[in-house]
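Peer 1: Keeping their order, the protein sequence lines are chains A and B. For the first sequence, the numbering used here gives the first residue as 1, with consecutive numbering after it. For the second sequence, the numbering used here gives the first residue as 1001, with consecutive numbering after it.
Honestly, the hints are just simulated from the structure, not real lab data. C-beta atoms are modelled at their ideal positions from N, C-alpha and C, and glycine is treated no differently. A couple of the hints might just be wrong.
[Said to hold, decoys possible] Residues from chain B that face chain A, not an exhaustive set, calculated with beta carbons under 7 Å:
#1 A1195
#2 L1198
#3 G1201
#4 Y1271
#5 E1317
#6 F1318
[Stated by the list, open to error] Calculated Cβ distances over 10 Å to all of chain A for the following chain B residues:
#7 G1021
#8 I1037
#9 A1039
#10 G1041
#11 A1128
#12 G1145
#13 N1158
#14 G1189
#15 R1248
#16 R1251
#17 H1312
#18 D1319
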Amino acid sequence: MNAHPEPAHVLGIEGLPLARIEQFLSLAAAFQKTPPPRMLTGKRLLLLFYEASTRTRTSFEVAARRLGAETVSVSAQASSIEKGESLLDTVYTLRAMAIDGIVMRHASSGAPRLVADHADVPVINAGDGMHEHPTQALLDGFTILRHRGSIAGLKVAIIGDILHSRVARSNILLLSRLGAELRLCGPRTLLPPEFAAYGKNVRLYGELEPALDGADVVMVLRIQMERMHESFFPSEAEYVSRFSVTAERLRAARPDALVMHPGPVIRGVEISAEVADSPQSVIREQVENGVLIRMAVLHTVLGAKR
Amino acid sequence: MNLILKNGRLFDPAQGLDQTGDVVVQGDRVRDLGTDIAAAGPGVLDCTGLIIAPGFIDLHVHLREPGFAYKETIASGTRAAAAGGFTAVCAMPNTNPVNDDAGGTAYLLQRARESGHARVYPIGAVTAGSEGEHLAGLGAMREAGAVAFSDDGRPVMNAQILRRALEYASMLGVPVIEHAEDLHLSAGGSMHAGAVALRLGLRGISSASEATMVARDLLLAEETGAHIHIAHVSTAASVRLLREAKTRGVRVTAEVTPHHCILCDEDATPYDTNFKMNPPLRTAADRAAVVAGLADGTLDAFATDHAPHAAHEKLQEFDRAPFGIIGLETALPLGLRLVETGQLSLARLVASLTSAPARAFGLPGGTLASGSLADLTVFDPAAAWTYDPAQGASLSRNSPFAGWKLRGKAIYTIVGGRVVYSARTPEL
Ligand SMILES: [Zn+2]
Ligand SMILES: [Zn+2]
Chain A
1 MNAHPEPAHV
11 LGIEGLPLAR
21 IEQFLSLAAA
31 FQKTPPPRML
41 TGKRLLLLFY
51 EASTRTRTSF
61 EVAARRLGAE
71 TVSVSAQASS
81 IEKGESLLDT
91 VYTLRAMAID
101 GIVMRHASSG
111 APRLVADHAD
121 VPVINAGDGM
131 HEHPTQALLD
141 GFTILRHRGS
151 IAGLKVAIIG
161 DILHSRVARS
171 NILLLSRLGA
181 ELRLCGPRTL
191 LPPEFAAYGK
201 NVRLYGELEP
211 ALDGADVVMV
221 LRIQMERMHE
231 SFFPSEAEYV
241 SRFSVTAERL
251 RAARPDALVM
261 HPGPVIRGVE
271 ISAEVADSPQ
281 SVIREQVENG
291 VLIRMAVLHT
301 VLGAKR
Chain B
1001 MNLILKNGRL
1011 FDPAQGLDQT
1021 GDVVVQGDRV
1031 RDLGTDIAAA
1041 GPGVLDCTGL
1051 IIAPGFIDLH
1061 VHLREPGFAY
1071 KETIASGTRA
1081 AAAGGFTAVC
1091 AMPNTNPVND
1101 DAGGTAYLLQ
1111 RARESGHARV
1121 YPIGAVTAGS
1131 EGEHLAGLGA
1141 MREAGAVAFS
1151 DDGRPVMNAQ
1161 ILRRALEYAS
1171 MLGVPVIEHA
1181 EDLHLSAGGS
1191 MHAGAVALRL
1201 GLRGISSASE
1211 ATMVARDLLL
1221 AEETGAHIHI
1231 AHVSTAASVR
1241 LLREAKTRGV
1251 RVTAEVTPHH
1261 CILCDEDATP
1271 YDTNFKMNPP
1281 LRTAADRAAV
1291 VAGLADGTLD
1301 AFATDHAPHA
1311 AHEKLQEFDR
1321 APFGIIGLET
1331 ALPLGLRLVE
1341 TGQLSLARLV
1351 ASLTSAPARA
1361 FGLPGGTLAS
1371 GSLADLTVFD
1381 PAAAWTYDPA
1391 QGASLSRNSP
1401 FAGWKLRGKA
1411 IYTIVGGRVV
1421 YSARTPEL
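Modelling step: build the complete structure from the supplied sequences, incorporating the hints.
Peer 2: Here it is as structure tokens:
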């Protein structure tokens, strides 16, 4: 194993050393104060997106360019992927273009692991199936740190479709490792009991009010309406009546509780417009911090001498 | 042509036999069991230190021919069987075309005669194309040589069709084999629904997706009085249901695979598709329950569900890769591992590979009794080796046991009095 150290992939919060997490967070903070030099001039980053995500792709693109790296974007609509070519064949073909790193989004959990096992360049997971979305968790952690200074001891409520959420999985792992108390809340169909053992200090709630009680952070997840058709919940109205984060319900949380959402927000469903646009909401800031975190990750992973 | 196996440990659970001795084979039959039979020459196999057992019978194998010869052929699959000590395999019908009529069954038997290294017993489809809609040509397939019927790969979801298949098959004197899986409960799943799948973000296949179907199948078998055989039992709940049904006298038999007895979901290397099979590896508690079920006879047979797939098919995203692993060449040592750890007696292991499967499907063999078919497996229970699928006889290499240090190996596999496999090459 040690004879050929593998490139410094970032595949998930699981398995990422705490020192590295802290390095990403502090580097992002440093980049916020002082714009970094174009450390990655001459490097080429492949953005391989098998699932549409303008938000995440753009964030990586901006981060790469600010560091001077060149990006090559390949999306699901590109011909090579459409032809039914296997994932590894596609990667081998693209590797011929002298790539220094791959940022990858894929609908299958574990797909970045498969690529990492066969690539000699670093792979950064930009979201795989319902598995992980590590840079999202890092930017969320960074955003909380900006406002609270520390994560240890904070009460963080995560609300919505926990089952299908890679954002939730990465955040539970990251925030519980950094000492937060996690309250997971959603319909039982979207919150299997096994989540109680997912991180340290995790509790499950089928009702919103007790989950929000005294919370320092309220992290709301996206609800996709196709889940309703799969009978995970009976109707949009019923979901809204039980789990939508409204101004009234938010009163159970601390008055200065941060309201977060990975976006895109559909106002009036998982979160009311009033809450999404309130002064407590840091949703727009999450997007800005996303660029800083991705700069920190790219700088560390691509800038490292191999 | 005569063959004499000398000085082995004669081990035949069907007769309660365990003693040192010789076996005299004449033609395709066992003629005599004895001691110190004076003989020398090319037809004499020295079995000192080896166990001489009835030939192993695998009730559940996918040979992939016709249609998928790049994964396995009848020649390569039966060569793997012989190398694993199996003298007979039952071939599932999910080939292309599906074996759902007399022509398909006859073709399989014809190909097995031409290129087989072990006996092949065809299993016909229950429904046309295994599509679950209309009964396949059960009577004609039975006449052509089918020993059982199954839509394996999928269940017969329509209970009314399964009920009629059971009634019709019982008239023909053969069992229906059910791949017990509720397709609504398992939809989109790629591993056992539990903490491990949750962490990996993989959609789960719940234990209930198997056990609810086992419950349904047992009720239908009870009501019709027909014989149902449950394939690859993987959950504690299924074992409990089967044990209770057998106590009440329901005509049911069942099998368990080596991998469900040895591995659980926590053992799987994350996203390694060599651990992807259907039913999936369950929890440690399920694993213990199926081993206990095998030990007490609730689960009759040890069957491999040998399911070869090409490397490029397995080298995919986990949720896209096909289900299944190969198993013919590792079944014996994995079974012996259960014996070594005290979870299973040697007699019960050998019975689950010989007399029990023979009885379950009414097949010849399964005993060393004189006059019976000279299908014999001679194995060294102590032989230590490291499994490398690339060195195996199967065309495919999809095994989670690659690199495992194993103990126990077939030394001679004898079918109808003919040595079809020998680990001691000069003697062949
Ligand atoms: Zn099956
Ligand atoms: Zn099968």
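Peer 1: Does each hint hold? Answer for all of them.
Peer 2: Structure-based check of each hint:
1. A1195: With a minimum Cβ separation of about 4 Å from chain A (threshold 7 Å), the hint on A1195(B) holds.
2. L1198: Holds: closest Cβ of chain A sits about 5 Å from L1198(B), inside 7 Å.
3. G1201: holds, 3 Å
4. Y1271: Since the shortest Cβ distance to chain A is 3 Å, the answer is holds.
5. E1317: holds, 3 Å
6. F1318: holds, 5 Å
7. G1021: holds, 51 Å
8. I1037: holds, 55 Å
9. A1039: holds, 55 Å
10. G1041: holds, 54 Å
11. A1128: Consistent with the label, A1128(B) stays out of reach of chain A, its closest Cβ about 29 Å off (over 10 Å).
12. G1145: G1145(B) is indeed farther than 10 Å from all Cβ atoms of chain A, at 39 Å.
13. N1158: Check passes; 22 Å lies beyond 10 Å.
14. G1189: holds, 12 Å
15. R1248: holds, 34 Å
16. R1251: At about 37 Å from chain A, R1251(B) clears the 10 Å cut-off, so the statement holds.
17. H1312: violated, 7 Å
18. D1319: violated, 5 Å
In this structure, the hints that do not hold are numbers 17 and 18, in rising order.
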